[in-house]
Amino acid sequence: MSEKRGIRMLAVSGCLGYGFTETAFDAGLESGIDFIACDAGSMDPGPWYLGAGKPYVSEQALRRDLEIMLAGARRIDVPVIIGSAGGGGATPHVAILERLIRGIAAERGLHFKLAVISSVPDRDLVAERLKQDRIRALENVPPLTSETLEQTDVMVAMMGAEPLQAALRGGADVVLAGRCSDSALFAAIPLMQGYPAGPAWHLGKTIECGGAIVRPKIGQDCVIGHLDDDGFEVEPGHPDKRCTPESVAAHTLYENPSPYDFIEPSGVVDTRDATYTALDDRRVRVTGSQYNRAEKYTVKLEGVRCVGHRSIMIAGIRDSRLIEEIHSFCDAMNDRVVTEARNLGIADSDWTLTIRRYGLDGVLGPLEPRRSEPGHELGLVLDVVGRTEEIAASVLAKARYIGMHTEFKGRLSSSGNLAMPFSPSDISVGSAWEFSLWHAMELDDPCEIFPITFSEV
Amino acid sequence: MPRLKDVATTVRSKNAGAFLATIDVIFKDQTDFERFRNSDLFGAEKLETLLHCEKGAVAVIFYDKANAVKITFPRAASSGSLTDSDIYGAQYHALIMDLPL
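Chain order of the listed sequences is A and B. Counting the first sequence from 1 gives a position; our numbering is that position plus 13. Counting the second sequence from 1 gives a position; our numbering is that position plus 38.
Quick caveat, the hints were computed from the structure, so don't treat them as lab data. This structure is a prediction, so every number in the text was calculated from the model and none was measured. Using N, Cα and C, we set each Cβ at its ideal position, and we do this for glycine too. There may be inaccurate statements among the hints.
Claimed, not checked - Straight-line distance between alpha carbons at most 27 Å, and here's what the computed BS3-like set of lysine-lysine pairs gives:
(1) LYS103/B to LYS66/B
(2) LYS230/A to LYS52/B
(3) LYS93/B to LYS66/B
(4) LYS43/B to LYS66/B
(5) LYS103/B to LYS230/A
(6) LYS52/B to LYS93/B
(7) LYS84/B to LYS66/B
(8) LYS66/B to LYS230/A
(9) LYS43/B to LYS230/A
(10) LYS66/B to LYS52/B
(11) LYS309/A to LYS144/A
(12) LYS67/A to LYS52/B
What the hints assert, rightly or not - Output of the computed footprint for chain A on chain B, the stretches with three or more beta carbons under 8 Å from beta carbons of chain A:
(13) 50-58
(14) 107-113
Make the full structure from the sequences, and use the hints.
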């Protein structure tokens, strides 16, 4: 009986910079790996990182993970694919990773062909597609207007498998991609080799989060995926850890609106008929994953616009009378701040103040069912976003004074309402952003907006 | 008084993208899953009220393979927007974990 063909891949970590153990990595390599891949980004940490061009992990953590990955990959001469580089995957994010990669290569004497794939679409192209009605809002997102598009300061498009494949066909040993479908990082090579799409994509989806499917769940770590023509298998890199049918099946729930369907640029992965079987106490086999090709190839656009500058103040309240009156107190504060800002000549539309009340409804806000039940202590965060840094600072300073000295019913504490932990009390946080683009755009060709630059390192 | 948190092995929430949030409840075995899946806990109307959502806006999916119930709903404020208080959507599940069985 001829041996069944298979392809073996190593998911280094759920996110580059989150770390992994060298034990797991080495064990993974030792088991015979055809390629290594790692997701390096996400929009989970919110809009600021995309807008500001910064990663949400430290460069030190990135360097540590990259060094082990690159050195290992070159040692056994297999491709490395990194996607959503630098977190947001836009130009400055990718540049940071490219700099780190070149630095490591120089230090360690590593030589390879590098492909860098951009994911920042041309504005005119996006505007044109909008006019052609080829851009659709995702769930709960307002339809895109040309005004919103113009206001969007930074945007990326999430590439599928094809640009990665083009880079590999061009001879790349290391593929550094901007914003990219996490699963595509792992499905790209198997699809090139003709493995069935359902299992290839489902495997990618399963292992791209790295240690999420591994027990015990202590931090991030490597996961090994093995794909054949009938299904796939997963196991942890670390010999002391395990994957179980429950941990693998439960993963399809994670971060998804549906546990069954995953939308990729080229189609939808359907896991309804997937079965999860334990091969032993640490390995799981999955069969039955299906894939339905989409009629139109669409990529997800993500974009952010700057809404001003944020400055905050944190203070504690312990006065029992004030806590009793906290709702009317905050109303009074809000009214007084409006008056004082106007007295400074600042337009109402140039700032917002959000009074966050931890210990009451700071976490759940309007959803909090217990907002009439404060405890003995309250943590107040005065959150000002101003059109400029100066406006934010001015309004916050007024809000601070008002918070400290505003009267309320039953007040005995005539010398001050707030316990400030810090001097200075007012903290400039930085630019404030919001997601202005979260839409699907049709492409005529899967690679048309993802140019690749090759170089020898 | 027994509450959902006393019988579930997982009650968690996270964003499903920046504009939706999703709550997962995982029961310890099929028996508990079958026992509670049809309970009042996962009724559309009750969840719409709890989550301040319009009629039809909350999707409840029963995932037999993991003995899990998934509740997906629109975020009132997108992740990281001005008045948002939970960038990752990590604490929405608190709304259901204390519900009496």
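Each hint, compared with the structure:
1. Pair hint LYS103/B plus LYS66/B holds up; C-alpha atoms about 12 Å apart against a cutoff of 27 Å.
2. Pair hint LYS230/A plus LYS52/B holds up; C-alpha atoms about 17 Å apart against a cutoff of 27 Å.
3. Between LYS93/B and LYS66/B, the direct Cα distance comes to roughly 31 Å. Violation of the 27 Å bound is thereby established for this hinted pair.
4. The straight-line distance between the Cα atoms of LYS43/B and LYS66/B is roughly 12 Å, inside the 27 Å bound, and the hint therefore holds.
5. Only pairs whose Cα atoms come within 27 Å are accepted, and LYS103/B paired with LYS230/A is accepted, the gap being roughly 20 Å.
6. For the suggested pair LYS52/B and LYS93/B, the alpha carbons sit about 22 Å apart, so the restraint of at most 27 Å is met.
7. Simply put, LYS84/B and LYS66/B have alpha-carbon atoms about 24 Å apart, close enough for the 27 Å limit, and the pair holds.
8. A hinted pair counts as satisfied when its Cα atoms are at most 27 Å apart, and LYS66/B with LYS230/A qualifies at roughly 17 Å.
9. Only pairs whose Cα atoms come within 27 Å are accepted, and LYS43/B paired with LYS230/A is accepted, the gap being roughly 20 Å.
10. A distance of roughly 21 Å separates the Cα atoms of LYS66/B and LYS52/B; the hinted pair therefore holds under the 27 Å criterion.
11. A threshold of 27 Å between alpha carbons decides the hint, and for LYS309/A with LYS144/A the separation of about 17 Å falls inside it, so the pair holds.
12. Straight-line distance between C-alpha atoms of LYS67/A and LYS52/B comes to about 23 Å, which keeps the hinted pair within the 27 Å bound.
13. With a cut-off of 8 Å between beta carbons, the region 50-58 of chain B has 7 residues touching chain A; three or more are needed, and the interface restraint holds.
14. Given as covered by chain A, the region 107-113 of chain B passes the check, having 4 residues with a CB less than 8 Å from a CB of that chain where 3 are the minimum.
Hint compliance for this structure: hint 3 is the single one not met.
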